[in-house]
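Fit chains V and Y to the supplied structure of chain U, relying on the hints for placement.
Chains as they are written, first to last, in numbering that gives the first Met the number 0: chain U, 0 to 209; chain V, 0 to 209; chain Y, 0 to 209.
Since the hints were made in silico from the structure, they are not lab data. Be careful, since some hints might not be right.
Partial chain V-side listing against chain Y, Cβ under 10 Å, derived [what the hints assert, rightly or not]:
(1) G56
(2) D64
(3) N141
(4) F173
To be clear about the criterion: a stretch of chain V counts as covered by chain U if any three or more of its residues have a C-beta under 8 Å from a C-beta of chain U, and this derived list gives those stretches [said to hold, decoys possible]:
(5) 45 to 55
(6) 119 to 129
(7) 146 to 157
(8) 196 to 204
A quick note: this is a predicted structure, and the numbers were derived from the prediction, not measured. The beta-carbon is built from N, C-alpha and C at its ideal position, and this holds for glycine as well.
Residues per chain, in single letters:
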Amino acid sequence: MSTQNVLLVLDLLGIFAFALDGALTAIRTARVDIVGVMALGVVTAIGGGVIRDVLLGETPATFQDWRYLTTALAGGTLAFFLSRRLTHLAKPILLFDAAGLSLFAVIGATKALAFGFGPLQAVLLGVLSAVGGGTIRDVLLNRVPTVLSANSHLYAIPAMLAAGIVVLADLVGFSAGWIAVVGALVCFTLRTLALRYRWNAPNPPGAPPL
Amino acid sequence: MSTQNVLLVLDLLGIFAFALDGALTAIRTARVDIVGVMALGVVTAIGGGVIRDVLLGETPATFQDWRYLTTALAGGTLAFFLSRRLTHLAKPILLFDAAGLSLFAVIGATKALAFGFGPLQAVLLGVLSAVGGGTIRDVLLNRVPTVLSANSHLYAIPAMLAAGIVVLADLVGFSAGWIAVVGALVCFTLRTLALRYRWNAPNPPGAPPL
Amino acid sequence: MSTQNVLLVLDLLGIFAFALDGALTAIRTARVDIVGVMALGVVTAIGGGVIRDVLLGETPATFQDWRYLTTALAGGTLAFFLSRRLTHLAKPILLFDAAGLSLFAVIGATKALAFGFGPLQAVLLGVLSAVGGGTIRDVLLNRVPTVLSANSHLYAIPAMLAAGIVVLADLVGFSAGWIAVVGALVCFTLRTLALRYRWNAPNPPGAPPL
Numbered sequence: 000m001s002t003q004n005v006l007l008v009l010d011l012l013g014i015f016a017f018a019l020d021g022a023l024t025a026i027r028t029a030r031v032d033i034v035g036v037m038a039l040g041v042v043t044a045i046g047g048g049v050i051r052d053v054l055l056g057e058t059p060a061t062f063q064d065w066r067y068l069t070t071a072l073a074g075g076t077l078a079f080f081l082s083r084r085l086t087h088l089a090k091p092i093l094l095f096d097a098a099g100l101s102l103f104a105v106i107g108a109t110k111a112l113a114f115g116f117g118p119l120q121a122v123l124l125g126v127l128s129a130v131g132g133g134t135i136r137d138v139l140l141n142r143v144p145t146v147l148s149a150n151s152h153l154y155a156i157p158a159m160l161a162a163g164i165v166v167l168a169d170l171v172g173f174s175a176g177w178i179a180v181v182g183a184l185v186c187f188t189l190r191t192l193a194l195r196y197r198w199n200a201p202n203p204p205g206a207p208p209l
Numbered sequence: 000m001s002t003q004n005v006l007l008v009l010d011l012l013g014i015f016a017f018a019l020d021g022a023l024t025a026i027r028t029a030r031v032d033i034v035g036v037m038a039l040g041v042v043t044a045i046g047g048g049v050i051r052d053v054l055l056g057e058t059p060a061t062f063q064d065w066r067y068l069t070t071a072l073a074g075g076t077l078a079f080f081l082s083r084r085l086t087h088l089a090k091p092i093l094l095f096d097a098a099g100l101s102l103f104a105v106i107g108a109t110k111a112l113a114f115g116f117g118p119l120q121a122v123l124l125g126v127l128s129a130v131g132g133g134t135i136r137d138v139l140l141n142r143v144p145t146v147l148s149a150n151s152h153l154y155a156i157p158a159m160l161a162a163g164i165v166v167l168a169d170l171v172g173f174s175a176g177w178i179a180v181v182g183a184l185v186c187f188t189l190r191t192l193a194l195r196y197r198w199n200a201p202n203p204p205g206a207p208p209l
Numbered sequence: 000m001s002t003q004n005v006l007l008v009l010d011l012l013g014i015f016a017f018a019l020d021g022a023l024t025a026i027r028t029a030r031v032d033i034v035g036v037m038a039l040g041v042v043t044a045i046g047g048g049v050i051r052d053v054l055l056g057e058t059p060a061t062f063q064d065w066r067y068l069t070t071a072l073a074g075g076t077l078a079f080f081l082s083r084r085l086t087h088l089a090k091p092i093l094l095f096d097a098a099g100l101s102l103f104a105v106i107g108a109t110k111a112l113a114f115g116f117g118p119l120q121a122v123l124l125g126v127l128s129a130v131g132g133g134t135i136r137d138v139l140l141n142r143v144p145t146v147l148s149a150n151s152h153l154y155a156i157p158a159m160l161a162a163g164i165v166v167l168a169d170l171v172g173f174s175a176g177w178i179a180v181v182g183a184l185v186c187f188t189l190r191t192l193a194l195r196y197r198w199n200a201p202n203p204p205g206a207p208p209l
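So here's chain U without its partners, still in its complex pose (with noise of 0.2 Å):
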């Protein structure tokens, strides 16, 4: 496969991934109807390409590619009908979040790098991109959005290791789509292990324990 075609393929599973976290987070947190959730759903899955994109100064690829709001859409509705047996299963919304945080991360440094970004910017736009719609996600449902909590067992460090390896692989050199997958499965490995063993990253020096 071509580098544009893994590119893409990592996109759209993340995409769907998010779309699962989001429709589900919904679900589980909010009084929503169908409309809340596939909303919600699309929101969180394509709010962190939508961000990403437009810093990049391009139309979003949601608006440029069908493909990107049908995968959306298919995720909300594939959580929206199966919601009964997944509603108090916290786990499984976990890991779409994992899964999307790593794959929008290195889908935003990579995109950052090709428009001829520097290495600590494409950094920054692979996280916000893999942080963005979980952000969105939790604004809309009037929570503190998880990359901010003291608990929030390293979520945007993976996603900064993932762009990093990225970027460095880059200016090596090397940037082929695989680096991008063993960015995004680095990412999701670190992410898994943090939620398993409850790692946290410090805290300021004057908080109090939790």
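Relative to chain U, chains V and Y alone:
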């Protein structure tokens, strides 16, 4: 009137309605001063259009033409001085909101088609334009946005229908300004009927009854 | 110093002040880890400028020049390590916020004029740049934004005044960098006086007393 002028008038009407809606909602639900009233009026009024134009990749209409901002400020000012009379009237707020929703849905879809977006994307952009201002309003007031609520009385569905009418009319070759008027009227009628008879969209199968 | 350099220095000072403001606010009002502190610092610092540049239709300054992001990260880092001393000091946060507000108001208005925006639009863009970072900060922390509060001590009004000074000076033919300095000083002075003497803008006529 030319199609261009019909759309401008609809846009300004939508902005005025949303400015009244946002400013009165601010007065009713939060402790705001005149700045807060004007700010929430302006942001509700121009929010959907700014989202629409940023996603279309052009400078938001508000920054190109002084009439948009002036209209929004007029709506906010009117709300401020009428607040003694209107504060307890929840119904006008809902009607202004329905008017803004209807007008922004058809304008968003029309503009998206003019920019060459596909049908599915044009409907999405119409809906985002329509619900964007109110969603920003609710996020700033720290409330779960209407569009996500299980008790939303079809908020996004009429907007989707209005945008869909514009897109379908365009697909079969119509694109006159009056199609936008028809779409907006259908949206407004369905929304007010849904409010009057408390219609709601289906809830997720696993959700407890309201 | 050239006008260009004056504006760059003011911009970096604004970013540093807002980064301290956002990071310290995160430490004071939420349970955040180092990632949350840095994230809220960076988002508060670059939020207003990103809104400004997206509305102007250009790639946000943060992504073009590494100094912006580095300055924001330095502010966040300083806040993290000083948090033990600064946590209980609400006053410095308000002063940093006032500095960011003042600097972003004049830069936003100056940039809008340079892009050919009209006077009314330039004032709006100045105000949006000024209050944007703090508003994103408050939305992420699940609070009603300062700019909307009845007890905001004129938050947006000094910003409007500063932007208005820049726009008026431009209308009468001045456009030197020192006008921006004057505007920022006027804004900062008015804001700190309003905080000191608890000045507030008028409330809506129908609103109950505070």
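Verification of the supplied hints:
1. About 8 Å separates the beta-carbon of V/G56 from the nearest beta-carbon of chain Y, less than 10 Å, and the hint is met.
2. Evaluation of the V/D64 hint against chain Y yields a held restraint, the C-beta minimum of about 9 Å falling below 10 Å.
3. Checking V/N141 against chain Y: minimum C-beta separation of about 5 Å stays under 10 Å; hint holds.
4. Annotation: V/F173 was flagged as interfacial toward chain Y, and the flag is violated, the nearest CB pair being 32 Å apart, outside 10 Å.
5. For a cut-off of 8 Å, the count of residues in the segment 45 to 55 of chain V with a CB near a CB of chain U stands at 3, and the three-residue condition holds.
6. By the rule of at least three residues with a Cβ nearer than 8 Å to a Cβ of chain U, the coverage given for the segment 119 to 129 of chain V holds, with 4 such residues.
7. For the segment 146 to 157 of chain V, the stated coverage by chain U holds: 10 residues have a C-beta nearer than 8 Å to a C-beta of that chain, and at least 3 were required.
8. Figure legend: the segment 196 to 204 of chain V, annotated as covered by chain U; annotation consistent (6 residues with Cβ-Cβ distances under 8 Å, at least 3 required).
Violated hint for the displayed structure: number 4, the only one.
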